[in-house]
Each structure stands twice: as C-alpha cells, then as structure tokens.
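Colleague: In our numbering, the protein residues as written are 70 to 205.
Honestly, the hints are just simulated from the structure, not real lab data.
Careful: at least some of the hints might be erroneous.
Unchecked claim - Restricting the straight-line Cα-Cα distance to at most 27 Å, the calculated cross-link-like pairs of lysine-lysine (DSS-like) are: (1) Lys-88 with Lys-131; (2) Lys-123 with Lys-88; (3) Lys-144 with Lys-123; (4) Lys-131 with Lys-144.
Since the model is a prediction, treat every value here as computed from it, not as a measurement.
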Amino acid sequence: MNLFVDSSGWIALFGDRDKFHPQAVAAYRGLTNQRLNLLTTDYVFDETVTFLQKHYGTAVAKQCGQAILTAPYIKLLFVDNEIWQAAWEMFQAFEDKQRAFTDCTSFIVMQRQQVWQAFSFDQHFEQAGFRLWPDN
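Please work from the sequences and hints to get the whole structure.
Modeller: Have a look at this one:
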C-alpha cells in the first residue's frame, strides 16, 4: 500500500489525546501484514514535530521524529524549488478555500509521486481530489 502521511495522521498516531488517536492506531496496526510504502515531506515533518512538542512535549515529538526518520518503509521527501513554485501557484489559486501552504506542497508531491491516498484527517485532501485513509 502506498500512502502519503499528513501531519494530522502523524499527530493522531502519536498524540494520545487527539480525537482521532484510537482510529489512527487501529488503522495503522492493520497495515502490519501489507507491503507498506509511506511518503511524507520535510514540511509535514516540521509541522508535526513542532505541534507535538507544543501540545504533547519534547519526548513525544522526538519519538515521532525518530519513527519517521528510521522506519525503512517511510520515505521522507524534501520540498525543492520546483515543488515550492508549483505549491505557491496552487496556494494562490484557492481563493475560496482556506488551504495551508504545507497542504499545497503535499498535494504537489502526491501528484508527482502518483499517490492518491493520504493518511490524514484533513478534509482538504478530499477537496483536492485525494482519498482519505482510513475512511472517516
């Protein structure tokens, strides 16, 4: 299974007080028997560990960061200038929606990697034409 992991997915997985924590943990555990390829970006990494540190403490942020950086089935992709420019164009085009710039970088990466599902609880991914996983 190929999945892009958004910060809302990581936060739900590692943040035990997050409202989606039980659902995220159960869904993630259900992946253990599958061939798994998870993609995330340096922007998502930054957003995630910063949020976790602020709301759950440094230990939880480090635990999540180490998991992302060391798991062999997780690929951390870096937003380069080309992705950044495309995301900026996308960000400017969304006048009717409140989408974060980081989300736009994620959408561009997903399109380029041809990954159409996101481990996310952010409805903006659905609005952008991607499927949420697990189904909310």
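Colleague: Against which earlier hints does the structure fall short, listed by number upward?
Modeller: none
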